[in-house]
Every structure is written in C-alpha cells, then in structure tokens.
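4 protein chains.
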Amino acid sequence: MLKLDFHPAGRHFLQIPGPSPVPDRILRAMSYPTIDHRGPEFGALGRSVLDGIKKIFKTQHPVVIYGASGTGAWEAALCNILSPGDTVLMFETGHFATLWKKMAENLGLKPEFLGLPGIEGWRNGVQAHMIEERLRADTGHKIKAVCIVHNETSTGVTSDVAAVRRAIDAAGHPALFLVDTISSLACVDYRHDEWGVDVTVSGSQKGLMLPPGISFNAVSPKALAASESATLPRSYWGWKEIIESNKTGYWPYTPNTNLLYALQEAIEMILGEGLDNVVARHVRLGEACRRAVRAWGLEIQCLDPAVYSPVLTGVMMPDGVDADAVRKVIYERFNMSLGMGLGKMKGRMFRIGHLGDCNDLTLMATLAGCEMGLQLAGISLAESGLPAAMSFIAGESELAGLRAAA
Amino acid sequence: MLKLDFHPAGRHFLQIPGPSPVPDRILRAMSYPTIDHRGPEFGALGRSVLDGIKKIFKTQHPVVIYGASGTGAWEAALCNILSPGDTVLMFETGHFATLWKKMAENLGLKPEFLGLPGIEGWRNGVQAHMIEERLRADTGHKIKAVCIVHNETSTGVTSDVAAVRRAIDAAGHPALFLVDTISSLACVDYRHDEWGVDVTVSGSQKGLMLPPGISFNAVSPKALAASESATLPRSYWGWKEIIESNKTGYWPYTPNTNLLYALQEAIEMILGEGLDNVVARHVRLGEACRRAVRAWGLEIQCLDPAVYSPVLTGVMMPDGVDADAVRKVIYERFNMSLGMGLGKMKGRMFRIGHLGDCNDLTLMATLAGCEMGLQLAGISLAESGLPAAMSFIAGESELAGLRAAA
Amino acid sequence: MLKLDFHPAGRHFLQIPGPSPVPDRILRAMSYPTIDHRGPEFGALGRSVLDGIKKIFKTQHPVVIYGASGTGAWEAALCNILSPGDTVLMFETGHFATLWKKMAENLGLKPEFLGLPGIEGWRNGVQAHMIEERLRADTGHKIKAVCIVHNETSTGVTSDVAAVRRAIDAAGHPALFLVDTISSLACVDYRHDEWGVDVTVSGSQKGLMLPPGISFNAVSPKALAASESATLPRSYWGWKEIIESNKTGYWPYTPNTNLLYALQEAIEMILGEGLDNVVARHVRLGEACRRAVRAWGLEIQCLDPAVYSPVLTGVMMPDGVDADAVRKVIYERFNMSLGMGLGKMKGRMFRIGHLGDCNDLTLMATLAGCEMGLQLAGISLAESGLPAAMSFIAGESELAGLRAAA
Amino acid sequence: MLKLDFHPAGRHFLQIPGPSPVPDRILRAMSYPTIDHRGPEFGALGRSVLDGIKKIFKTQHPVVIYGASGTGAWEAALCNILSPGDTVLMFETGHFATLWKKMAENLGLKPEFLGLPGIEGWRNGVQAHMIEERLRADTGHKIKAVCIVHNETSTGVTSDVAAVRRAIDAAGHPALFLVDTISSLACVDYRHDEWGVDVTVSGSQKGLMLPPGISFNAVSPKALAASESATLPRSYWGWKEIIESNKTGYWPYTPNTNLLYALQEAIEMILGEGLDNVVARHVRLGEACRRAVRAWGLEIQCLDPAVYSPVLTGVMMPDGVDADAVRKVIYERFNMSLGMGLGKMKGRMFRIGHLGDCNDLTLMATLAGCEMGLQLAGISLAESGLPAAMSFIAGESELAGLRAAA
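Residue numbers (the working numbering), protein chains in the order written: chain A, 294 to 699; chain B, 294 to 699; chain C, 294 to 699; chain D, 294 to 699.
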C-alpha cells in the first residue's frame with residue numbers, strides 16, 4: 294500500500310462535510326468477499342437494501358441505486374424526466390446548486406437560475422415565494438421541473454422543502470419537483486412522499502456514512518410517468534430497466550456489491566438508532582457548534598437562523614484572513630480536515646462537518662482543533678468556544694436524563 | 294449484517310467470469326478509512342493510481358477512471374466522441390456486444406451490427422475481414438466508429454484486436470476504434486497505444502481483481518480531439534473536466550476513494566507479479582481448463598482455437614441437459630458459483646471463470662467441482678478431466694523449473 | 294506491513310494440520326476495535342463465549358479460556374491438579390504426546406510413558422488395554438493422572454477416548470483423566486462429560502478456525518476438587534480465580550478481547566452448521582483424502598483403520614524420498630503449505646490437513662497439488678488420486694441428496 | 294456477531310489506561326490470513342519483529358515474546374530466575390505492584406513489600422533510598438531480586454528506574470533487577486541496557502497499541518545466566534528453548550501469528566514517528582491533561598510532580614462523590630470509557646488514559662467528556678479545563694512551529 298502518512302500520530306479527524314467518517318462496522322461489512330451478483334445470496338441482499346433504503350427516504354415508491362457519485366444521480370434525475378431544450382427552474386443557494394445548473398446546461402436543458410443577489414444567495418436558503426411568483430408567471434407551463442438543494446454543502450444552509458412544495462401547489466403549476474438531499478439524507482428531517490417530491494437525489498458518503506460510490510434517485514409515480522415520454526438520451530441512468538430488475542433484488546448490470554454490503558449495515562445502524570434520533574443528534578451538534586463559533590466572536594455563514602444546517606457550519610473569517618491558511622495549520626498541527634470555501638466563498642470561510650457518525654465528543658475535539666488552529670493562525674478570538682458548546686451539550690444531556698427518568 | 298449463508302461450510306469458489314475473487318490484500322486496502330478527497334494525501338493517491346493504470350493499459354495517454362460499472366464506461370466512450378444519429382459499426386460476438394449495441398441505440402446512435410449468422414457468431418471472434426469490407430464500402434465515411442469486444446464474457450472467445458486495427462488501416466477509413474476490454478484487461482495481452490485503439494473501455498471486477506464500482510476509458514489523442522466536436526449530451530461522463538482535474542491527482546466530483554485504495558493495491562500486485570507473467574498465467578489456466586473439458590467429452594463453446602479465451606471457458610451441455618440445473622447442483626453441493634448462459638446461450642452452456650486471483654490449485658478445485666456436479670446431474674462423461682488438466686499444469690511447472698534452473 | 298509474498302499469485306492453500314485457514318467472517322470479527330475489558334459490553338461478550346464454548350466441549354462444567362497457545366493449556370492442566378513428584382501415566386502416540394511428557398518432566402512430575410515399540414507407536418492409537426493393565430498393577434494408586442492425546446497431529450491417528458475411560462473404570466483406579474483435544478475439538482466427535490474426562494485441553498487454531506492465541510481447559514468437578522490440594526506452584530494458570538471472575542463474564546487479568554470476538558463468531562458458525570454436521574464433514578474429507586492416497590499407491594501413516602484421523606492424513610514417502618523436498622516443490626510451484634514430518638517421522642512423510650474451514654473443493658485442490666508435486670518430485674504414482682476422491686465425494690453428495698429428497 | 298451496541302452513536306472514546314485504542318493500520322494488519330508458522334514467510338516475519346522490538350526496549354539482548362497477557366510475562370520473569378523460597382524485594386506503588394507481589398507468593402517466593410504508609414504509597418513513586426537501605430542491611434544477600442513497576446497503571450505515577458539502579462549499585466548488592474513496563478513501554482523514556490535492568494516485563498495493549506494477547510521479557514545476560522540454576526518449575530515460560538528457536542525466527546510452539554503481524558505494524562509506526570517523538574507526545578498530553586484537572590479544581594492523584602505519569606492521570610473525587618457513578622454518566626451519555634479506581638482507590642478516583650494512539654484532539658474530546666460528565670454528576674468545578682489544556686497545547690504547537698521554521 295502506498296504510504297499515506299502525511300499527518301501526525303493518532304486518529305485523523307475527518308470533519309469535512311462529507312465524505313463523513315465511515316464507522317468500523319461499515320468498513321468491515323464492505324470488506325466481505327464479493328459474491329456472484331446473479332446468485333441467490335445477492336438477491337437476498339438486494340431485496341433487503343432496496344426495501345430498507347425506502348425507510349430512509351420515507352417513501353413507498355422505488356429508490357434507484359446507482360454505481361456513481363451524487364453527481365451521477367443528479368444527471369440521472371434530469372435525463373430520465375426531461376427532453377432536450379426543456380426549461381428547468383433552479384435556485385442558487387451555493388456552489389452545488391450552481392454545479393447542478395451547469396450540468397443542466399451541459400445536458401442541453403435550459404435552466405433558469407433564481408436567487409438572491411450576490412453573496413446573499415449563498416447565506417440564505419431557497420426563497421419559496423420567488424419560486425411561486427415565477428411559476429405563476431409561467432402560465433404556458435414551459436417550466437418542466439423545479440430543482441432545489443435541500444442542504445447546501447458549500448454554505449451550511451438548509452432549505453425548507455415543504456415550503457417549496459406549497460409554493461408549487463399554490464401556483465397550481467404541474468412542474469416536477471426535484472430535490473438534492475445528497476448532504477441532508479439521514480441528517481435532516483426529510484419526507485419524500487409527504488412533501489410530494491418527484492425525484493429525490495442522494496449520495497452515500499454523508500449521512501449514510503458510506504464511502505463514496507453509490508447514489509440514489511427516489512422516484513414518484515408522477516416522475517416515472519414523465520420518464521415514459523422524456524427524450525434525453527439515457528442508458529446507464531435509465532430507471533425503467535433498473536426498477537424492473539430490482540423487483541427480484543438484482544440489477545441489469547454489475548452492481549457495487551461491496552458498497553451494498555455497506556449500505557445494508559448503514560441502514561441497520563440508522564434504523565437501530567432510530568431515524569428521528571439520528572436527526573435530533575445532528576440538530577444538537579449543529580447548535581453546539583454554532584454556540585462555539587459565536588463565543589469565538591466569528592460569524593456563521595448562514596444568516597437565517599430558521600435554516601441553520603444540522604450537517605455543517607460555515608465559519609466566516611475576519612477580513613484579510615485566508616481561511617485556507619487556517620485550515621492548513623489545523624491539518625498539519627492537529628490532524629484534522631475541514632472543508633474549504635468553494636466558489637464564491639473560496640478563502641473566505643471554512644466548513645466544519647458534524648454529520649454522519651459524529652457524536653458529542655468528536656464535535657468537542659473538532660471545536661478544540663478549530664480554536665487552537667485559529668489562535669495559531671493569529672486570529673484573536675473573543676473567548677473560548679468550548680465552554681459554550683459543552684454547557685449546551687451537558688444541558689441537553691441533562692434534559693435527556695430527566696426525560697429518561699420521568 | 295444480513296446473514297448471507299446459503300451455501301455449505303468452507304470457502305466459496307467464485308468461478309464466474311467476473312466479479313472475480315478479490316484478494317485479501319485488496320479487501321484490506323479497500324477498508325482503510327475514507328480520507329478527504331481534496332487533501333494532500335488524496336492527491337498522492339490519485340497521482341499514483343492514474344500513473345500506474347496506464348501501465349496496465351500500455352498507454353502513455355490519459356486513462357479516465359469513472360465511479361460506475363463497465364456499462365457506464367461503455368456509455369462514456371460513446372457519448373464523448375459521437376453525435377446524435379452517428380453510425381457506428383459493431384460486431385456481434387455475444388451477449389455483451391449485443392448489449393453495447395442496444396446502448397448505442399438508446400443513446401440515439403445508429404449501430405450497424407455485423408456478425409456471423411445465428412449461433413456461429415457466438416462461437417467465433419470478430420471477423421476482421423468483414424469489418425474491412427464494410428469500411429471499404431463506406432466511401433462517404435458515414436461510419437464514425439468501429440466498436441468491438443476484446444473478450445466476450447458471455448462466450449469465452451477473445452478477438453484479435455490488432456487484426457481489426459489492420460483492417461481499418463487497410464480500408465483507409467478514419468473511423469475511431471473502440472475496444473471493450475472489460476473482461477480482458479490484465480488477463481489477456483493488450484496494447485492500447487501499439488494497436489492504435491482510440492478508446493479502451495474497461496472495468497474493475499475482472500483482471501484487476503477489485504470489487505465492481507469503477508471503470509475506465511483509456512483515451513487516444515485522436516479520441517480526445519473528436520470529443521471537442523461531438524455533440525451527444527454529457528456531463529458526468531465528460532472527459533475534459535476529469536482529465537484537467539486529474540493533472541494534480543484530483544477529480545471534479547467525489548471519487549470512489551476506497552476503491553482507489555484497492556486499485557493502488559491491485560496495480561502493485563499486478564506489476565509486482567509482472568503484467569506479462571499475469572497474462573501467461575491466464576493462458577496456462579485456460580489451456581488446462583480446456584483439456585479437462587475435452588477429457589469429459591464435452592464441447593468448448595469457442596470453435597476457433599486461435600481465439601480461445603484465457604479468461605473463461607464456455608462449456609456446452611449435451612442436448613437436453615439444462616445447464617442451469619447443473620449449475621444449481623454445483624452451487625448447492627460444492628459451494629461454487631459458475632457463470633450462466635446468457636442471451637442466445639441461456640440454459641445451453643455454463644461458463645467457468647479462471648481469471649484474476651486464480652491459480653493452479655483453485656482451477657483444479659473448480660474442475661473437480663464441475664466434474665462431480667456434472668456426474669450428479671446425470672451427465673455421463675468420457676473420462677475424468679482432472680488427470681488431463683494436472684498433467685498439463687505439472688508439465689508447465691516442470692518447464693518453468695527447467696528454465697529457472699538453466 | 295512487511296511484504297510476505299514469497300509464493301506465486303492467487304490464494305494460498307494452508308493445508309497444514311493447524312493453524313487451519315481462518316474464515317473471513319472470523320478475521321473480520323477479530324478486527325473490531327478493542328473495548329474496555331471491564332465495561333458492560335465486554336461482560337456480555339464474556340458470558341456469551343463462556344456459555345457457547347461449553348456446547349463445543351459437550352460439558353455443563355466450567356471451561357477456562359487462557360491467553361496462551363495449546364502448550365500453555367497443557368501446563369495449566371497439569372499444574373492445577375498435581376503436586377511436585379506426582380506420577381502421571383502418559384501414552385506415546387507421536388510427537389505431541391512426547392512433548393507433553395517432556396513438559397511433565399520440566400514441571401517436576403514423574404511421567405510413565407507407555408507405548409508400542411519403535412515406529413509402531415506413531416502409527417497406531419492409544420492402546421486402552423495397556424493402560425488398564427498398568428492401572429491394575431498400581432494398587433497403591435501412585436498414579437495421579439492418565440494423559441492421552443485424542444488426535445495426534447503429528448501422525449493422523451485418533452484415539453478412542455471412551456475406551457480409555459472404560460479402561461480406567463475397569464481397573465477401578467481413581468486417577469484423573471486428562472485428554473488433549475487440541476487438534477480434535479470441533480473436528481472429531483468429543484464428549485467431555487459423557488466420557489468422564491477430568492481435564493480436556495484444547496486450542497484455538499484447529500477446529501475452532503481461529504488464529505493461535507487462546508487455549509482451553511474444560512474442568513470436571515473432580516478436577517476442581519483435586520486442584521484444592523495440588524501444590525505445583527501456579528498463578529497465571531490458576532483455575533480458581535479465573536472461574537470465580539468468569540461468573541460475571543470477566544477475567545482477573547486482561548483477556549484477549551479480539552480473539553474472544555473471533556471465538557464468538559466461530560461458535561456461531563459451528564453451532565450454525567451443527568456440531569455433528571461439522572464432525573461428519575471432517576469424516577467425509579478424511580475418507581476422500583485416504584482414497585486418493587491409496588490410488589497413488591502410497592501408504593497412509595495410520596495403520597489402524599478404526600482410528601483414522603478425520604483431521605489430517607499422514608502420507609508416507611517411498612524409501613529414499615525426502616518428504617521435505619516434495620513439500621518444497623509443492624510450496625513453491627503450487628502455493629500450498631503441507632505439514633512436515635515431526636520427530637521420528639522427520640523427512641519420511643508429510644501431513645495433509647483437512648480440518649476447520651475446509652470443504653470438498655478445497656480438499657480436491659489440495660489433493661491435486663499433492664499429486665502434481667509428487668510427480669514433479671519424480672515419484673511414480675500408481676494412478677491419479679483425484680477420480681477416487683471425487684467419486685467418493687460425489688457418492689456422498691448423492692446420498693445426501695437422496696436423504697434430503699426423502 | 295453478538296451485538297455489542299450498548300453506547301450511543303458515533304465513535305467510542307476508549308480512554309482507559311489500556312488496552313489503548315488500536316489504530317486501523319494495526320487492526321488491518323492483524324486480520325491478514327494466518328500463515329504456516331513453520332514456513333519461510335513466517336521466519337521472515339519472526340526475524341523482523343524480534344529485531345524491531347529490541348529497539349523499543351533499547352536493548353541489544355534477547356526479547357522473549359509470549360502468547361500471554363502481561364500477567365503471564367510477570368510469571369515468566371519470576372520463574373525463570375528464581376527458586377522456591379527465594380526472597381524478592383518489591384515496592385508497593387499501587388494495585389499492580391500489589392498483584393505482582395501476590396503472584397510471587399503464589400509461586401512460592403518470599404516477597405518483602407516495601408512502601409510508604411497507607412494511601413501515601415499509592416500517590417508517590419518508588420523510594421529508591423528505601424531500597425538502598427534495605428539492600429545494605431541484607432549483608433547475606435538473601436534478596437535475590439528487586440522488582441518495581443515503572444508506571445503504576447492504577448495511580449498515574451511513574452517511578453525513576455535509573456535511581457533504583459543507582460541504589461542497588463550503591464548498596465553493592467548482587468540482586469537481579471526486574472522492572473514492569475507494561476504500561477510505560479513506548480510511552481515513557483525507557484532504557485533496558487543503559488539502566489542495567491535484568492528483566493523488563495511488558496505487554497502489548499498499551500504503548501504498543503496492540504490488542505491484548507502477547508507480552509514480553511527483555512532479558513540481560515546476567516538474568517540468562519541466573520536462569521541456568523533457578524529451580525522454579527517452568528515449561529511454557531522457559532526462556533532457553535524460545536531464545537534458541539527465535540534465532541531463526543521461529544518459536545518452539547505455535548506463536549500468535551496474527552498478533553505478530555500487528556506487532557510488525559506497530560514497530561513500523563513507532564519507529565516511523567520516532568520513539569523519542571512518541572515519548573514527547575505522551576509527555577505533552579500528560580501535562581495538558583493535568584492543566585485541565587487543576588483548572589477544574591480537582592486533585593491529581595500523584596503527589597510528586599517529578600513522577601507524573603505521561604500515560605494516564607488519576608483524578609481524585611471530592612469527598613462523598615462516587616467516582617464510579619461519574620464514570621457511568623460519562624459512559625452512558627458521552628460514549629467514553631475511563632479507568633476505575635482499583636484496590637485502595639476504588640470509588641475515590643478515576644483514571645484518564647492518554648496513551649498509545651492518542652493525539653491532541655482526542656485528549657481534548659476526552660477532557661470535554663470528563664468535564665461535562667462531572668457537571669452532570671453534580672460536581673461543581675472551579676472553571677472549565679479546556680481553555681487551560683488548549684492554551685498549553687497551542688503553545689507547544691507554536692514552539693514546534695518555531696523550531697520547524699528555524
């Protein structure tokens with residue numbers, strides 16, 4: 294094995310907003326010998342994961358699993374339901390919303406990109422009212438789909454999916470509704486069926502705690518119907534053949550067997566903890582993280598407290614400070630990886646991931662690493678952030694204890 | 294973990310023609326903790342695998358690594374260099390050649406499907422002279438690409454790639470040359486640059502001994518140039534952005550980190566054994582396998598000894614015997630998986646994989662399992678195949694010993 | 294990791310009579326993170342393995358688990374129940390019986406070593422009538438213990454434990470009865486309680502399919518009572534403190550946590566297959582192996598068909614042939630490890646292990662490797678052994694099928 | 294696998310003073326398939342670890358590796374060099390010194406147990422002057438060995454080994470010098486040869502970062518000579534046969550192959566980081582931990598700053614607080630294991646391990662868990678300990694940066 298030992302001794306803290314740290318149970322499950330993807334054991338595995346994953350998306354309808362990164366699942370979502378030249382309404386919430394829009398262009402679609410002006414768009418969530426207005430104006434129903442990102446991994450802002458659903462309904466518009474939950478699934482409350490989402494796109498390496506390599510399309514009956522007439526060319530991504538083959542637990546082409554072992558284990562872990570408990574843990578960690586950031590006297594990227602992300606926190610640097618230099622100090626001295634500023638935010642902030650297999654003490658370590666690194670980088674902080682974070686966490690624990698005792 | 298213990302005690306023999314058994318070294322490498330795909334350690338890994346994989350393809354030019362199965366890499370090869378409505382010349386050698394052709398249709402291309410009539414096409418290799426004739430007739434150069442499968446996984450027939458190259462040259466035709474080496478790479482002699490191939494498609498789960506999940510396009514400068522003007526929509530598969538990002542060892546979107554660990558290990562193993570030695574081992578195992586089949590008095594699917602596959606052997610059943618019933622006996626009694634007959638061959642033959650991490654004794658076990666299973670299924674065999682196989686292997690070993698002693 | 298790649302490509306066949314190949318499930322279980330050996334999770338693990346292991350020994354009484362090889366468990370058995378200068382009756386069945394006797398001397402005991410003359414003793418089992426005679430003569434009950442080896446790993450001879458029990462009873466002698474089952478437990482029928490054994494010694498790396506590192510004393514109430522007055526110094530090996538601590542699932546000193554994970558998995562696998570089925574599988578493999586040896590025209594070391602070992606087969610070389618040279622050829626050319634001749638048998642035979650995670654096809658591979666190696670070493674064989682072995686195995690499978698169908 | 298999921302989600306923090314967390318590299322190395330312990334690959338492994346481990350003990354003389362816990366290595370040290378009834382001088386520093394003394398009694402030796410009165414002895418290190426006085430008084434040289442514990446795992450006190458060596462020399466006494474480094478090796482500066490230690494006892498599961506299961510005796514020529522005439526019975530523990538067999542890299546009985554893989558990896562990791570750097574890291578973490586404890590206003594168990602342990606810190610509870618109740622809160626709420634008070638300290642303190650694969654951020658997480666747990670348990674703390682610890686660590690990092698830049 295190539296030696297990859299660039300950092301100091303001891304456990305590395307992978308606190309980027311994904312890939313999130315893969316739990317030992319999952320790494321072990323993934324390393325079981327590959328089996329025949331046409332044999333009876335594989336069928337049992339296939340049926341089990343295809344059934345289990347529906348519970349995570351909160352859907353009764355098919356979830357298609359791709360051997361691909363989340364980017365592939367974006368493409369799949371678009372090309373299964375749209376035709377060349379179709380207009381899609383997208384909303385600029387950050388780097389990933391922008392990339393998805395760029396992909397739509399690459400595929401020959403015509404995206405309209407709504408958004409707040411300048412950097413504002415990257416510090417707030419989707420504005421449902423703007424979508425409603427635009428749809429109302431589209432009396433000819435030229436817009437075929439509305440696409441939003443549930444949790445912007447580049448900013449730490451989560452959008453209100455149900456509000457967008459209501460906006461579409463209020464406008465009485467027939468557009469399909471597509472939501473990217475790549476970094477929110479199994480971290481943030483999400484309800485594919487209840488919120489009337491037509492295609493939910495997701496990935497493996499965030500809340501599902503898997504290595505990257507598989508991704509998802511949860512597909513509503515309406516989306517499935519739309520795919521019958523959509524004419525964007527597609528083969529690898531085609532839902533129809535996959536869903537047909539999935540009925541018996543198999544795939545039309547060779548699936549990622551070892552990642553499906555891992556997925557099986559992840560589903561067991563998440564349902565074992567309880568999906569709602571998993572979400573509550575993310576919410577708690579997010580709040581603790583923000584309390585530390587505020588104690589430091591630094592600004593949180595997300596400006597709207599209603600849509601703070603439970604997945605990651607964007608920390609703005611004071612003027613003149615290069616966020617990447619801070620990240621480098623932290624990486625080299627404290628053996629921790631943080632997320633860099635992307636796109637418009639490059640160098641202006643860093644991102645703390647607190648998702649997936651993260652718990653209270655891992656977050657405390659993370660905050661300590663940030664705090665020491667900020668100090669070493671010469672940034673003067675208002676006060677230590679740890680006491681604020683600990684006090685919140687201990688308080689939450691006390692409440693949990695009181696509830697358990699009651 | 295879901296219990297997947299349908300078979301009897303002891304090690305399972307996974308003797309399908311891929312996924313091939315993943316060596317322990319590779320499974321361990323794959324289970325290392327996922328790292329930051331934007332950090333310095335990842336860059337070192339990326340540069341190492343991107344450099345190493347070129348040696349396996351015998352190319353100096355870029356090899357694009359996809360998070361996808363081989364089917365995805367087929368699509369990538371087509372959509373990067375072709376435009377809607379383009380004619381491509383394909384050759385029917387079996388099930389996978391047929392699937393590739395079907396994909397071309399799905400993508401809006403116009404495949405012409407050459408081939409020998411009926412079942413003949415599935416028992417012989419690509420007929421280079423037929424390709425030459427067709428290209429000579431295409432004076433208007435409507436044909437934009439010639440696509441062949443190097444080793445037909447469904448039949449156990451390997452085609453002569455260099456001969457097809459010569460045919461294209463003899464016809465003086467400018468078509469791009471695409472070769473699927475999904476099941477031949479690192480099993481059969483292959484030379485991307487020397488044979489003037491424009492796009493070589495390959496996968497992870499055969500000669501590279503990895504789990505499924507990544508796949509490849511080796512790309513010639515001519516193909517890269519063609520991609521500038523090709524208009525099939527593409528985003529996930531687009532070479533340009535990936536090759537640009539690969540220059541520093543990174544990917545434009547989240548790569549399959551853990552499978553890249555595995556790939557690094559596989560490249561080390563293959564180059565450590567010596568790529569030519571690896572090929573020679575496959576050739577030896579193929580011959581040993583066929584000697585056993587002949588001793589049994591059964592027919593080998595491949596009719597042309599010049600293109601016997603070193604990767605797998607298709608074994609024809611006597612009339613009236615259901616090959617899948619034989620496979621079931623072998624699976625249930627002897628804990629071994631064999632490949633089923635696909636497409637036109639369904640139920641008429643089974644396929645013995647002898648690829649990847651296979652060695653002499655593993656093949657002997659495999660042949661013993663087949664022989665006992667055939668007997669239990671009531672097929673009367675001419676004689677035991679093991680002595681014939683062993684005698685060949687021992688003779689080869691003796692030769693190797695003599696050479697080593699000399 | 295130090296590179297340990299001395300052998301050719303592909304899976305190594307570890308066909309020594311122990312350590313036996315460790316199944317993937319067990320290797321994975323063993324590699325889970327070490328936990329606090331004083332925490333609640335460890336207690337659950339401890340109680341589970343201490344309970345499960347009793348089923349493998351077929352006892353209701355305590356089984357003590359040592360962090361030590363089987364040699365340590367030999368010492369534990371002796372020093373817990375004996376006092377300096379005590380006479381013990383041992384029986385020479387081979388190398389390991391001889392080593393145990395040497396250990397008794399080292400510990401200050403007085404072993405009497407019964408046995409058949411010369412090499413005869415190494416080709417037959419324990420002669421119960423000789424033990425009975427000797428005990429009858431010991432009217433003063435100077436002999437404190439009778440010690441035998443159930444399966445002689447150095448010879449491939451299994452002794453009749455129940456017969457020795459009957460011999461002790463027939464002589465009306467109060468000696469304690471100690472049996473070494475290091476290489477027989479979970480391979481050969483064994484019944485600690487029913488056969489009135491006082492201390493059963495065993496190890497991890499044979500039928501239990503674990504790596505070496507833990508070993509066992511199953512202890513009868515009579516043995517436990519004897520330990521109260523025995524005066525050989527002991528501390529690490531002392532039963533009393535361990536059994537007391539085990540009541541809650543813990544150990545008085547740090548236990549081998551990761552091997553206990555592995556033991557838990559092994560017990561699940563063995564009881565899942567069914568202990569009797571495991572034994573029947575070993576019996577079948579032993580017979581198949583011997584049929585091949587006879588077909589080759591070579592001699593089986595064990596002369597008494599009543600006590601053939603289901604665990605391993607000792608294969609005698611023709612005069613003038615160096616067995617270790619044959620083993621070397623097989624190791625280097627066929628990537629298989631066989632057991633060497635030990636003690637009196639050095640160079641005169643080799644040992645084929647067919648124990649633990651072994652199944653039909655693994656044995657076939659093993660026999661093929663032996664056959665080809667013997668030929669390469671210049672030994673002329675009567676005929677191929679594979680057909681004989683396969684015919685037996687296929688017949689057994691057919692019977693199993695008939696039974697299943699009935 | 295038995296489900297062992299008693300604690301909340303996310304990574305468990307195993308902050309007991311051993312077993313310490315096993316790094317992923319070591320767990321992976323340990324899970325490689327077991328090989329033939331008599332084959333050439335094993336010999337290479339054996340020679341490599343036997344050579345490498347000497348560097349960790351800083352000795353040129355043999356280091357014997359046992360398949361046993363550290364308790365077994367204690368017994369080995371005593372029984373190889375002593376005879377029944379021999380007097381040994383031991384020093385009470387805590388629970389483990391007391392257990393070793395009890396073992397000496399069990400083995401029929403006559404330990405004299407020096408020490409400071411009452412609880413004082415458990416809060417200070419070995420008093421070299423008391424040993425010197427006692428040896429001077431022993432004009433008849435009845436005392437055959439002096440035995441001390443280098444780092445008392447039960448108290449967090451490290452003793453001055455060199456001072457005891459000087460005391461023995463000053464007294465001109467020929468007693469052998471035995472040192473238990475079970476929890477200090479590869480954590481605290483240690484020099485077997487330079488300090489004239491005759492037998493250094495150690496274990497795997499602390500500074501070596503391995504799972505429990507192997508242990509060590511580093512043996513001086515003087516000790517080896519003494520073993521020739523020592524008469525305590527011994528077999529499993531006998532140095533002679535092992536050292537003889539080790540010369541070629543093998544063992545007289547089955548060694549713990551998989552733990553030797555792990556040991557090989559651990560030696561590579563420790564020497565890769567640099568043994569002195571490893572020790573410096575432990576010293577830094579110890580100081581950071583104590584600064585937090587002082588900030589809390591709690592007492593450190595060790596009263597003598599000259600012998601603070603870099604391995605663990607004993608934290609005294611205020612009167613009336615049950616330390617085990619605090620530990621329980623921390624375990625259940627924060628998924629962290631701490632060491633309990635042992636023997637005389639039961640319930641009065643807990644122990645924070647900061648050894649082995651521990652780094653700055655892991656310690657910060659640990660301190661945060663302690664701090665929150667103490668608060669939840671109702672203990673009022675003077676102030677948060679994290680700022681004090683972080684300020685020290687950041688200062689150390691700054692110094693390291695300055696040094697690196699210079």
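Honestly, I wouldn't trust all of these hints.
[Claimed, not checked] Straight line, CA to CA, 25 Å or less: simulated DMTMM-like cross-link-like pairs of lysine to aspartate or glutamate:
1) B:639 - A:521
2) D:394 - C:521
3) B:395 - A:425
4) A:540 - B:617
5) D:533 - C:521
6) A:403 - B:521
7) B:403 - A:425
8) A:394 - A:344
9) B:533 - A:521
10) C:639 - D:398
11) C:621 - B:650
12) A:533 - B:566
13) C:621 - B:462
[As the list claims (entries may be wrong)] Okay, the calculated beta carbon distance ranges per label pair:
14) B:405 - C:573: 44 to 50 Å
15) C:398 - A:565: 53 to 59 Å
16) B:617 - C:537: 58 to 64 Å
17) A:413 - D:565: 55 to 61 Å
18) C:337 - A:611: 47 to 53 Å
19) C:674 - B:597: 31 to 37 Å
Keep in mind the hints are simulated off the structure, nothing from the lab.
Keep in mind the model is a prediction, meaning the values are calculated, not measured.
Here a beta-carbon is modelled for each residue, glycine too, at the ideal position from N, C-alpha and C.
Report the numbers of all earlier hints that the structure fails to satisfy, in ascending order.
1, 3, 5, 7, 8, 9, 10, 12, 13, 14 and 17
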